[in-house]
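Asks: Taken in order, these protein sequences are the chains called B and X.
The first sequence begins at 1 in this note's numbering and counts up by one.
The second sequence begins at 190 in this note's numbering and counts up by one.
Read the hints as simulated data drawn from the structure, not as lab findings.
Mixed in with the good hints, there may be bad ones.
[Unchecked claim] List time: in silico DMTMM-like cross-link candidates among lysine to aspartate or glutamate, alpha-carbon distance up to 20 angstroms: (1) X/K369 to B/E58; (2) B/K180 to X/E262; (3) B/K169 to B/E27; (4) X/K257 to B/D106.
Number of protein chains: 2
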Amino acid sequence: MDLFEAIKNRRSCRSFAADPVPSDAIEQLLEAAAWAPSPLNTQPWQFIVITDEAKKNEIFLEADRCRKWAIEESGWTWLKGYPLVFLKEAPVIIAVVGDPKKTGVDMFQEEGGVGYQLACAAAIQNLLLAAHALGLGTLWFTFFDKPHMREILNVPEGKTPVSLVCVGKASGELPSVPRKDAKAKTTYM
Amino acid sequence: MDLFEAIKNRRSCRSFAADPVPSDAIEQLLEAAAWAPSPLNTQPWQFIVITDEAKKNEIFLEADRCRKWAIEESGWTWLKGYPLVFLKEAPVIIAVVGDPKKTGVDMFQEEGGVGYQLACAAAIQNLLLAAHALGLGTLWFTFFDKPHMREILNVPEGKTPVSLVCVGKASGELPSVPRKDAKAKTTYM
Chain B
1 MDLFEAIKNR
11 RSCRSFAADP
21 VPSDAIEQLL
31 EAAAWAPSPL
41 NTQPWQFIVI
51 TDEAKKNEIF
61 LEADRCRKWA
71 IEESGWTWLK
81 GYPLVFLKEA
91 PVIIAVVGDP
101 KKTGVDMFQE
111 EGGVGYQLAC
121 AAAIQNLLLA
131 AHALGLGTLW
141 FTFFDKPHMR
151 EILNVPEGKT
161 PVSLVCVGKA
171 SGELPSVPRK
181 DAKAKTTYM
Chain X
190 MDLFEAIKNR
200 RSCRSFAADP
210 VPSDAIEQLL
220 EAAAWAPSPL
230 NTQPWQFIVI
240 TDEAKKNEIF
250 LEADRCRKWA
260 IEESGWTWLK
270 GYPLVFLKEA
280 PVIIAVVGDP
290 KKTGVDMFQE
300 EGGVGYQLAC
310 AAAIQNLLLA
320 AHALGLGTLW
330 FTFFDKPHMR
340 EILNVPEGKT
350 PVSLVCVGKA
360 SGELPSVPRK
370 DAKAKTTYM
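Excised from the complex, chain B in its bound form (with noise of 0.2 angstroms):
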């Protein structure tokens, strides 16, 4: 698939038919996640590939713990109807763990080290363009609690969950969301 096809027509899904997602189909979109930059090289992602029900239906749960916890704090009352059955759906959540200790030199600012999530970020998109090209759906998903994720995925203590990202075919149409003008967002100086 041509490049700016994949980049302009990537959707993101929220609904999954159940076929199985082929074994070299996954190792397709590790292998582009792989192949993102990242600071001085560190290759600061691993990969945990969820096919299990049970561990599947413990996402889901914390993810709707979570949104319990967010209505109370936010009074965002919409989020009662934020579907997150997609995390049982998918036959495939791939998770996307962190190493904070290869953010490259940005581990000296203040403010610590975020090189290792933008690596991640960029691996995770260029997986998201790759399942679009072997046409998957998939949905990147970050809202969970890091250290309850890392329980669930028997992550150790000093690695940290960036992402799960839900892969599978698409159960319909993907709705088409639109994007601002980049020039609305552009200055030139």
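Chain B is already provided as a structure; the job is to place chain X on it using the hints.
Replies: Structure of chain X alone, referenced to chain B:
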């Protein structure tokens, strides 16, 4: 260009030719960036396209100041040899500025929202891939003090300069940097 080809053959560029980058190419890069996913489609990015020589020199001096400081903090003497001159040589630097208020539901999490930075990173990855497809080299640069860079770029208090991307025609071949096999970074559950 094919998506997978773009993902696998993109390289970081640290030496730029002086040739200016056509404005329509810049617009294509920013359009690609703006198609990235973001939390609740908040599109938390803004772009500053910098071609002014004096401004690029200010950016260089800030990075050089941070390098000296990092050498003192870290003892990483190899940083003395790390080139920064690409900040002056690159015909264009694109600053990607994020809005921490557009970070989605993770704003209620204890450690603060990071979703806007992940979205900016996804936008940057789109930009790097698009540049490669257009025959342009890029360098993703994050080593600067955010409050100082805010001043240099006249960014308002509430916004965060997330990264700079140097853009231009590569001067010479780009070295191929290997990756660890994704399989070695993957577990299944």
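Asks: Where does the structure disagree with the numbered hints, that is, which hint numbers, in rising order?
Replies: 1, 2
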